[in-house]
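Trainee: Okay, here's what each chain looks like letter by letter:
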Amino acid sequence: MAPSYKLTYFDGRGLAETSRFLFKYGGIEFEDVRIKKEEWPQWKEKFAFGQVPVLEHEGKQVGQSIAIARYLAKKVKLAGNDDWENLEIDAIVDTINDLRLKLVPIFYEQDEAKKKALIEVVSKESFPYYLPRLETVVKKNNGHFALGRLTWADFYFATISPVFDFFTGSDTLADYPTLKAAREKVNEIPAIKKWIETRPKTDF
Amino acid sequence: MMEGACIKRTRKSINIFNTTEEMAPAYKLTYFPVEALAEPIRFLFSYGGIEFEDFRFDRENWPQMKPNMPFGQVPVLEHNGKVAHQSIAMARYAAKKAKLVGNDEWEDLEIDAIVDTVNDLRQKIALYHYEADAAVKESRKEPLFKETLPYYLQRLDAVVKANNGHLALGKLTWADLYFVAILKYLNSMCGGNDILADYPNLTALKNTVLELPAIKTWVEKRPNTDM
Numbered sequence: 343m344a345p346s347y348k349l350t351y352f353d354g355r356g357l358a359e360t361s362r363f364l365f366k367y368g369g370i371e372f373e374d375v376r377i378k379k380e381e382w383p384q385w386k387e388k389f390a391f392g393q394v395p396v397l398e399h400e401g402k403q404v405g406q407s408i409a410i411a412r413y414l415a416k417k418v419k420l421a422g423n424d425d426w427e428n429l430e431i432d433a434i435v436d437t438i439n440d441l442r443l444k445l446v447p448i449f450y451e452q453d454e455a456k457k458k459a460l461i462e463v464v465s466k467e468s469f470p471y472y473l474p475r476l477e478t479v480v481k482k483n484n485g486h487f488a489l490g491r492l493t494w495a496d497f498y499f500a501t502i503s504p505v506f507d508f509f510t511g512s513d514t515l516a517d518y519p520t521l522k523a524a525r526e527k528v529n530e531i532p533a534i535k536k537w538i539e540t541r542p543k544t545d546f
Numbered sequence: 002m003m004e005g006a007c008i009k010r011t012r013k014s015i016n017i018f019n020t021t022e023e024m025a026p027a028y029k030l031t032y033f034p035v036e037a038l039a040e041p042i043r044f045l046f047s048y049g050g051i052e053f054e055d056f057r058f059d060r061e062n063w064p065q066m067k068p069n070m071p072f073g074q075v076p077v078l079e080h081n082g083k084v085a086h087q088s089i090a091m092a093r094y095a096a097k098k099a100k101l102v103g104n105d106e107w108e109d110l111e112i113d114a115i116v117d118t119v120n121d122l123r124q125k126i127a128l129y130h131y132e133a134d135a136a137v138k139e140s141r142k143e144p145l146f147k148e149t150l151p152y153y154l155q156r157l158d159a160v161v162k163a164n165n166g167h168l169a170l171g172k173l174t175w176a177d178l179y180f181v182a183i184l185k186y187l188n189s190m191c192g193g194n195d196i197l198a199d200y201p202n203l204t205a206l207k208n209t210v211l212e213l214p215a216i217k218t219w220v221e222k223r224p225n226t227d228m
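In order, the protein sequences belong to chains A and B.
Going left to right, the first sequence walks through residues 343 to 546 as this note's numbering numbers them.
Going left to right, the second sequence walks through residues 2 to 228 as this note's numbering numbers them.
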């Protein structure tokens with residue numbers, strides 16, 4: 343039988359990897375559809391807002407990477423136990439995403455000199471603002487990003503922080519051992535470790 | 002003073018200290034003195050009949066307050082001695098309390114996805130509005146108004162048409178209140194015009210939400226601000 347879930351994204355880890363981790367963690371089968379760059383123009387118009395990742399299930403299609411991750415987290419029991427706990431998880435996920443959004447202009451900048459200038463601003467302002475504060479959160483939460491225990495916020499950071507490296511060309515967490523350890527903790531989960539070993543090797 | 006010999010006793014209990022004792026609301030929402038990103042939370046608490054303290058600080062106090070805020074941002078929500086942040090996360094929480102969420106996890110995913118899409122549009126508008134460099138800002142104007150806004154608004158209008166006048170699930174959800182609550186902010190960032198002028202289904206949705214009794218009451222009583 344075909345898996346009941348289909349996840350469509352570019353051929354890379356990027357913003358879909360959080361969901362792939364969650365599927366693997368929960369042992370939920372999914373069809374991992376990857377669109378090659380040259381094929382994207384034909385695919386784009388099939389999606390309501392022209393974006394991926396998109397999750398399909400029982401004939402329905404939905405976009406937005408964080409919304410999809412939140413849905414899967416509930417399925418694999420990595421969400422909170424009540425509304426306030428889920429608010430705490432949601433808030434730290436959105437904060438990590440805010441940091442990612444500060445880096446996005448780097449990706450789209452074609453001019454090398456301007457690109458370098460953008461990377462410098464991020465390195466001098468955004469990272470020193472967000473990363474120490476995220477470290478404080480993790481220290482207060484027993485090595486996790488929320489609720490003092492493993493939640494999908496940990497998975498979100500583990501899969502989005504490598505995107506920072508991709509944008510800047512540097513090891514973002516080099517000076518942040520607590521954050522690196524939090525990421526490693528996720529990567530060492532047996533189902534995740536196995537996925538990392540067997541997943542397609544891609545540039546991003 | 003007294004018009005007759007009788008003192009009328011009403012059913013209300015007699016308050017001998019002549020004071021009114023009120024419990025502070027369980028929720029305190031802190032934000033700038035504007036609608037913008039706190040307004041969805043205000044709409045949702047109002048819709049749910051949930052009392053909240055709507056604290057709006059003076060802008061000149063912000064520099065001292067900022068270091069004490071989680072990640073230096075507002076709005077924040079205080080409840081039971083805890084402080085939460087991130088406007089959409091808090092709106093989702095308020096929506097659960099106000100019972101404007103889905104009936105299952107997939108329904109909640111559909112609502113979340115359209116809210117995030119509306120937020121994507123907000124971010125793209127903000128990238129134009131808040132740009133400090135005048136030349137860069139001017140270069141972003143035409144792509145925003147000729148491409149980005151029509152791209153999103155046409156598709157959102159189509160979603161509302163296909164969903165019985167709503168943004169998700171064919172019925173009223175917090176996605177509808179979220180969208181309408183930030184409209185004044187979006188319009189002000191776009192230079193003050195009504196960005197929904199050419200979009201009849203979105204305009205009808207705006208009216209639907211504004212006509213909800215609890216929202217109508219809130220809009221009439223809230224401070225009047227430009228954004």
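Just so you know, these hints were derived from the structure itself, not from any lab.
Among these hints, one or two may not hold up.
[Claimed, not checked] Cut-off 25 Å, straight-line C-alpha distance, at most; resulting in silico cross-link-like pairs (DMTMM-like, lysine to aspartate or glutamate):
id, chain 1, residue 1, chain 2, residue 2
1, A, Lys458, A, Asp517
2, B, Lys67, A, Asp436
3, A, Lys379, B, Asp121
4, A, Lys444, B, Glu139
5, A, Lys456, B, Glu132
6, A, Lys386, B, Glu148
7, B, Lys172, B, Glu106
8, A, Lys416, B, Asp117
9, A, Lys379, A, Asp545
10, B, Lys98, A, Asp424
11, B, Lys185, A, Glu371
12, B, Lys207, B, Glu79
13, A, Lys388, A, Glu373
14, B, Lys100, A, Glu387
15, A, Lys388, B, Glu106
16, B, Lys67, A, Glu451
17, B, Lys125, A, Glu373
18, A, Lys535, A, Glu371
19, A, Lys386, B, Asp134
20, A, Lys543, A, Asp424
21, A, Lys348, B, Asp105
22, B, Lys29, A, Asp424
23, A, Lys444, B, Glu108
24, A, Lys348, A, Glu371
25, A, Lys417, B, Glu143
26, B, Lys125, A, Glu451
27, B, Lys185, B, Glu106
28, A, Lys466, B, Glu106
29, A, Lys388, B, Glu108
30, A, Lys386, A, Asp517
31, A, Lys402, A, Glu387
32, A, Lys466, B, Glu52
33, B, Lys98, A, Glu427
34, A, Lys456, B, Asp134
35, B, Lys162, B, Asp227
36, A, Lys543, A, Glu373
37, A, Lys419, B, Asp117
38, A, Lys466, A, Glu451
39, A, Lys456, B, Asp117
Trainee: What are the numbers of the hints that this structure violates, sorted from low to high?
Mentor: 11, 12, 14, 16, 17, 19, 20, 23, 25, 27, 28, 30, 32, 35, 39
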